[in-house]
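Hints are included, so try docking the two chains, each in its own frame, into the full complex.
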Amino acid sequence: MLLFEFEGKTLFKKCGIQIPKSQLIEPESQRVTIKPPLVLKAQVLSGKRADAGGIIKVEEQVEIQGKLVEIFSKTINGEKVERVLVEEMVEIEKEYYLSFSYSTEVRGPILTFTENGGTGIEEKGAKSFPVDILKGFHGENVPEKLKDTALKLWEVFTKYDCELAEINPLVVDKQGKAWALDSKVILDDDADFRREEKFPERNLFGRAPTGREIEARKIDEGDHRGTAGSVYWDLEGDIAVIAAGGGGSIVNMDALLAFGGKPANYTEHSGNPPREKLKKLTKIVLSKPGLKGCWFVGGTANFTDIYETLMGFVEGLREIKPKPDYSIVIRRGGPRDKEAFEVLSEIGKKEGFDFHIFGRETPMTSTAKIMVDLAYGNTSN
Amino acid sequence: MAILVTEKTKILVQGITGKEGSKVALQMQNYGTKVLAGVTPGKGGQEVHGVPVYNTVAEALENHPGINTSFVAVPNFTAFGAIKEAVEAQIALINILTEHIPIQDTAKAIALAKEAGVRIVGPSSIGIISPGIGKVGSIGGDDPRGVFRKGSVGVISKSGGMASEVSWILTQTGMGQSTVIGIGGDILEGSSFVDLLEEFEKDPQTESVVIFGEIGGTYEEEAAEFIKSGNPSTRSARSGPRFTKPVVAFISGLFAETLPQGTKLGHAGAIVYGEKGSYKSKIKALEEAGVKIAKTPDEIPELLKNT
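Top to bottom, those sequences are chains A and B.
Per the numbering used here, the first sequence starts with residue 1, numbered consecutively.
Per the numbering used here, the second sequence starts with residue 1, numbered consecutively.
Hints listed in this document are in silico derivations from the structure and should not be mistaken for laboratory results.
Mixed in with the good hints there might be a few duds.
Unchecked claim - Derived BS3-like pairs (lysine-lysine); straight-line CA-CA distance at most 30 Å:
#1 B:LYS295 / A:LYS262
#2 A:LYS159 / B:LYS108
#3 A:LYS127 / B:LYS276
#4 B:LYS264 / A:LYS369
#5 B:LYS108 / A:LYS127
To be verified - Derived coverage of chain A by chain B (criterion: at least 3 residues anywhere in the stretch with Cβ under 8 Å from a Cβ of chain B; other residues may be distant):
#6 131 to 144
#7 295 to 308
Just so you know, even glycine gets a beta-carbon here, dropped at the ideal spot from N, CA and C.
Pulled out of the complex, with its shape left as it was, chain B reads as follows (with noise of 0.2 Å):
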């Protein structure tokens, strides 16, 4: 079944008439996935791989209620209003590619997308894909066939290129995918680990789930506590939903740390201050989860195989 792609999904692509817009639609079709419209303000009226453009998400939505899904690859400084645009118009996924978004606007899209009900993954996401499925966004490229395979292992990644390369990983030991997605590196980030590690509990075809974090902020962490509330031996009296499949996860940034606090590295979100969000505290939490921690990515499949 997998999550957040599947055969009902329907994409609306915002920035179609842009480079990596229309590049990703193309690859979307490509690979099995209905794009039904695309929207480029001022550009309604023209087709780009077939797809009509409209002018505003309202305009397309009314010509194609079908739509679940957007995709958006708008310029960063348009890119709230693109994002709200898309969560007035209640569209259920909205998966964000655009980096540097300013962060108080990351902030406000959250927290509308909250206020509405509907989910954003992003901002800075390469995508999601749920192989032989379909995919949003551009991760796997043109040719997702050679990197990723229908399987039961979910993969969440702040890192694009790291869900790629894990996903290659697991497909040469011949260990398939489920879903892999992309959240973004970013401070704020619309779905975090915890919210999609829920969404591989309830999905029948996820049968252990891989996350690939970095230093920085309190995902992983937060992920921690989840997955402690339903391991055996450290399961608490907390209520609600509980996470019971086999986890390993892999978290970089040892280097980072060696430089000077503050400093920026590839990621915004990679930035620690003080002991929040260190490695240490990361690796600390996961373990004390019962998580097994990879040393380098390609000992993932080894240690799914032990769980």
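Only chain A is shown next, with the shape it has when bound in the complex (with noise of 0.2 Å):
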């Protein structure tokens, strides 16, 4: 999970690392207790902040309602501003780069450090050191004077099992102080269990998640039995797909895409899921209007039972008012495939439902574009 600055500094000040005095505005109408000379920062998570103007300076008090105003209208990156963090003027001596990462090059936790930072550091020739994760983080790599606010970063790094701890401008002050003026975390979700910190969910979209997002979210709770919804985006399209596997799922979506359909959603499940769970998420994938057309599409499954999975999505679709009139293609092998498909081309006879099923001797991608042509009523083969 990506941290919004103000809830990264919270972590950064748990482990003593100096941030300028500052007040979180919430909603705009708060009055601001800094006194200038101060920052308003755009609460956004998009990149690039700065150049998008989600950043004002205010010298004098009586700009200080006008700045707030201008700022909360904004549209960072297509992120709308509903949070402003004010803070503290710190006067700037030096600025740096300071992070702590995972590489899959040295297959362990790095450190990334340059006497430039502010934006664009990617060409501004950052080094990083590959860090001993059994050893830890030990002052290595930074100058003396940056030593003390690198050892908390890596406390705040592995405490709070980031995959990103990053200060970005790491500053010093005429008095050589050294402060974070800003923060990027990203918190390794798989670590949420033992992390006590909780924070808000959020949306990387920068709009709320929709209803179908929370809800599909939500099969996977409190039951660890496979995994079916837990990824769930809506898209703009007109095609939903009910994917099958971390890896699969993609390679479908690039068919889809290749062929001009357009998704309606992307999710996934995986590691055989019962019937209950696709029965719901199907409910949810069916639920959107405008559908042109229905894509059930998955590999060839090492475990995943494919007839408890497609009746599953049978039990969700013949929940779906209106009835589904639009073409549903359904690609998928591996175990009880066959038994699964005889029942399936029964249930579409004698229900009604437009069932086009394919097997394993059908290649998985090329059904993408069965799908794109039923879909769209393209009839030229």
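So, in structure tokens, the structure goes:
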């Protein structure tokens, strides 16, 4: 989970990293108690916030109200400003970049540091150094005056199970004191079970999660048998997708886009989820208005019971009102697939669903084209 | 001969009394793989499918010194402790099925394994199968015979489902597999493409290799560098092992790049920030190394025939 600046800074503070005196304004009508000179900072998740006008300096008391109205009226990279962090201005002597993250190249944590902080650090020749996770970080590869902050940032990184803990800029003032002027923290969701600090759900699309997204993510709660819907995103298209497998689902989404299909959603199920989970997921996916097709697609499963998952799909399908009249393309392989297909084609005939059923002999991605042609009335083949 | 899983493979199942552990133990036995013992703390003395259960890995090893492979199927919050036990017992191959292990724990486990000189495959690994010889993990499910067939193509995949799907596509066209490995789709993995290409290079049964990669991370780019080392037209002066066999690759994730950066999809590792780990970067690196790129998985057999 990517944290907002003010959330990341609460973790920094707990580990003793120095941050400017600040106040979170939410809602807009709240009174600013910090005295100028100060900085108003839009609390948004997207990067390059400064370039998009999300940071405003205020020198005089009389300017505060006007500038506050201005910043609250903004949309930063598609994200509406709903909270503003007000901070005392720090006199900057020098800016640095400092972060801890995980690197696939060293297959462990790395420290990234550069003498030139600010935006666009990728181009500023930042250097990365592997950190021995068994021995821990002891202040290597940073200048003496930043060592203390670096040690504290390592504490943030490990104590709160972060994927990234970044200070950019990390500044030193005229007195030689180090300050974290910004924070970027990505928490490792897989460690949620042991982290006491909880943060509310947010959405990377710069909008509140949709009702379907919220409902889909509830399916797996308290039921560890396989997974269905814990990753679900509403998209703008009209072909509903119920894909199987973390890897296979992406392969199929790639294929759907390549053939000109417009997916209405992305979701996946895997690890042999029970029938009820598929029923719930199907009801959520197909509740979307304006659908032109439904694609239930997956590779050749290792252990997911195809009969159970497809029966779950049918149970969900039966509850959709009005009854779907669009084409439903099914491609799947794996345990009990033949049994599932027999029952399915009977149900299709008897109950009047436009099923197009394909097994493991039909290439998975080729059914993307079949789906697109059926959905968009392309009858050329 | 195959790699990692051979006739000599003797397995310990950590988490054998759990649902996945017991199911997979039976699958491995049915496929003719020797499962010598299981471990679940506090359940020592029980039996699962005729396999004795011990409280600790050390205890299992004392009674079954032939164990050379551990299959880990424990919950994510106990995974690090379980892996540490296996590493400390110097078990040569540790295959981890467990998903959602905190990345910090995975990093520690990988570091410990490196120090001890043992190999981890996983986390989030579907397993390893050497068709006709044996399997570790849930790869192939109850009946791998329908999908996998003995042959000369090595398969390395970040996706478990696609490991099977690719193998099935190969089998249908009469191309068997030497060993198929699901390395897992997490950010940090115990064995990368390069680690396994090194093994395939040494294996006389393997004549070519298929890589199923995804956006995110650098494992595909590293594989490209390694493959380059053995390609006569791109060979560099670098020393050390070279890879000389033909490789076909498929990379997925173009769809993911249409979403805002940092959006989580099915695999934790399939996440891109900036240019690094992007589809373009991977395809470019692999093509430069002389790897043939399949646009759909079904093209793989044809491309292999022409290598």
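* Do the alpha carbons of LYS159 (chain A) and LYS108 (chain B) lie within 30 Å of each other, as the hint requires? -> Holds, at about 14 Å.
* Pair hint outcome, LYS264 (chain B) versus LYS369 (chain A) [Cα-Cα no greater than 30 Å] -> holds (26 Å)
* To do: Assess, step by step, whether the Cα of LYS108 (chain B) is no farther than 30 Å from the Cα of LYS127 (chain A), and give holds or violated.
  => Since the Cα atoms of LYS108 (chain B) and LYS127 (chain A) sit roughly 23 Å apart, the hinted pair holds (cutoff 30 Å).
* Asked: Within a Cα-Cα threshold of 30 Å, do LYS295 (chain B) and LYS262 (chain A) meet the stated pairing?
  -> Satisfied, since the Cα-Cα distance of roughly 19 Å is no more than 30 Å.
* To do: Would you check chain B against the stretch 131 to 144 of chain A, counting CB to CB pairs closer than 8 Å, and say if three or more residues qualify?
  => Check passed, 3 qualifying residues.
* **Pairwise hint evaluation, LYS276 (chain B) against LYS127 (chain A), where the allowed Cα distance is 30 Å at most** => holds (15 Å)
* Asked: Per the coverage rule (Cβ-Cβ under 8 Å, at least three residues), is the stretch 295 to 308 of chain A covered by chain B?
  -> holds (count 6)
Hint compliance for this structure: every hint is met.
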